[in-house]
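Student: If you want the building blocks of each chain, they are given just below.
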Amino acid sequence: MAETTKLLSFEEFRAVRDTPLAEAVRQARAFSRNRAAAEQVLRTAEVQSLGWAVWDGVAKA
Amino acid sequence: MVSPKPEAARDGWLAAEALGRIAEQSDRDALRVVTAFLREPVADEPLFARLCSRDGTSVFTDYARDAAAAYGHAGAAEPAYAVLAAIVEGIKIIDDIQDEEPRSIAAGVGVDRALQLAMAALAHGLELAAALPFDAIAAVGRGIRETAIGQDLESTATGDFESFWNVVDHKTPPLVATALELGALAAGATPAQAAALTQLAVPLGRLLQVGDDCHDALGTQASDWRAPHLNLLMLYSLSGPHGRELATLLRAGDDPQILRTAQHWLLRDGALAYAIHAQLSTLESFGQTLEALDLPDPTPFLRSLGEHRTAAEQLLRTSGVQDDLIASL
Chain Y
230 MAETTKLLSF EEFRAVRDTP LAEAVRQARA FSRNRAAAEQ VLRTAEVQSL
280 GWAVWDGVAK A
Chain D
2 MVSPKPEAAR DGWLAAEALG RIAEQSDRDA LRVVTAFLRE PVADEPLFAR
52 LCSRDGTSVF TDYARDAAAA YGHAGAAEPA YAVLAAIVEG IKIIDDIQDE
102 EPRSIAAGVG VDRALQLAMA ALAHGLELAA ALPFDAIAAV GRGIRETAIG
152 QDLESTATGD FESFWNVVDH KTPPLVATAL ELGALAAGAT PAQAAALTQL
202 AVPLGRLLQV GDDCHDALGT QASDWRAPHL NLLMLYSLSG PHGRELATLL
252 RAGDDPQILR TAQHWLLRDG ALAYAIHAQL STLESFGQTL EALDLPDPTP
302 FLRSLGEHRT AAEQLLRTSG VQDDLIASL
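Top line first, the protein sequences correspond to chains Y and D. For the first sequence, position 13 (counting from the first letter as 1) is numbered 242 according to the working numbering, and the numbering increases by one without interruption. For the second sequence, position 34 (counting from the first letter as 1) is numbered 35 according to the working numbering, and the numbering increases by one without interruption.
Keep in mind that the hints are not guaranteed to be accurate.
As the list claims (entries may be wrong) - Per label pair, the in silico range of CB-to-CB distance: (1) D/P192 <-> Y/R255: 47 to 55 Å; (2) Y/E240 <-> D/T191: 40 to 48 Å; (3) Y/R255 <-> D/Q315: 18 to 26 Å.
Since the hints were derived computationally from the structure, they do not count as laboratory data. Note that CB positions come from ideal geometry on N, CA and C, so glycine has one too.
Generate the whole structure from the sequences, applying the supplied hints.
Tutor: Here it is in structure tokens:
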């Protein structure tokens, strides 16, 4: 968990190398080059984020 | 239909800030006069009645419930739900004007009327707070005032990392803090205990904002592309090596195909990966703050922490990241 303790700046995040975080980012970016896989990621992110949304999902209905 | 005018939102935030300050500093009689004055112009409108009748749950009522549960009585927070609902309605009306949201009250009734409705909703929330069996007015007033100040900061955002988090940390946490405070007070926590609990507001606010930004950047109804410097994922990509390419694409219009391509580019650039990193980092901070608070029963917040963590892991898994790697993040 130590690697995620600090919120990295954009530049720091882009510069990470030779760590689990860097490898995870590499895998995610490589995976998304497949358009069908990327579509699945987008759908998952949208569905999940509905539960986190503040203003756009204010009322849970 | 009338297009909302974002500059009018400034008037709304200034008025909300003043109302919050009055609530914090004035006696109940003075506040009663002010809230009645603000309600009067729309008191007979069916739309205002509908706004006031929305007492459903939201993320904010969840926090009030969890705070009350942490002090042993989850149900004690229920009378505060209508307060939070009214305040959220008022703030959302002004926020929609600021964001030029096409599906909004301002788009339907015009900006001036919408601002009257927003102030009336905030006044209604304060009147409900005054009727609660514990002293809630200061917490509600502070939530309104600080949210208004934070929301207005958006207009001065400079589109960089520090500015982004400065806006986030001032925009959403104040109302989270109010919800936590109301829940704790309702369950019998002392004012000092309730105030201490608001330390969770910043990490919780960050979690909400990152979730909101994922939704507003990646969803089929994505709306933040009109102001990309205020969205974490878009700002990440726009400030990166392919930023100019993305900006050029966005200038080509808001055709659904263009937006979908832009969304794919966010994934390609690692913007979603960065958002998940921000979530995981914030979750850790949330857990540390929670532990230091030493609550009578931290279970509700631990459950929320676990749900967020599970969701982030699921998104990583869907994104093609191997399980053993996810466990190490």
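Student: Does each hint hold? Answer for all of them.
Tutor: Going through the hints against the structure:
At about 50 Å, the beta-carbon gap between D/P192 and Y/R255 stays in the expected band of 47 to 55 Å. The hinted window of 40 to 48 Å between Y/E240 and D/T191 holds, with their beta carbons roughly 44 Å apart. Distance hint check for Y/R255 and D/Q315: the Cβ-Cβ separation is about 19 Å, which falls inside the suggested range of 18 to 26 Å.
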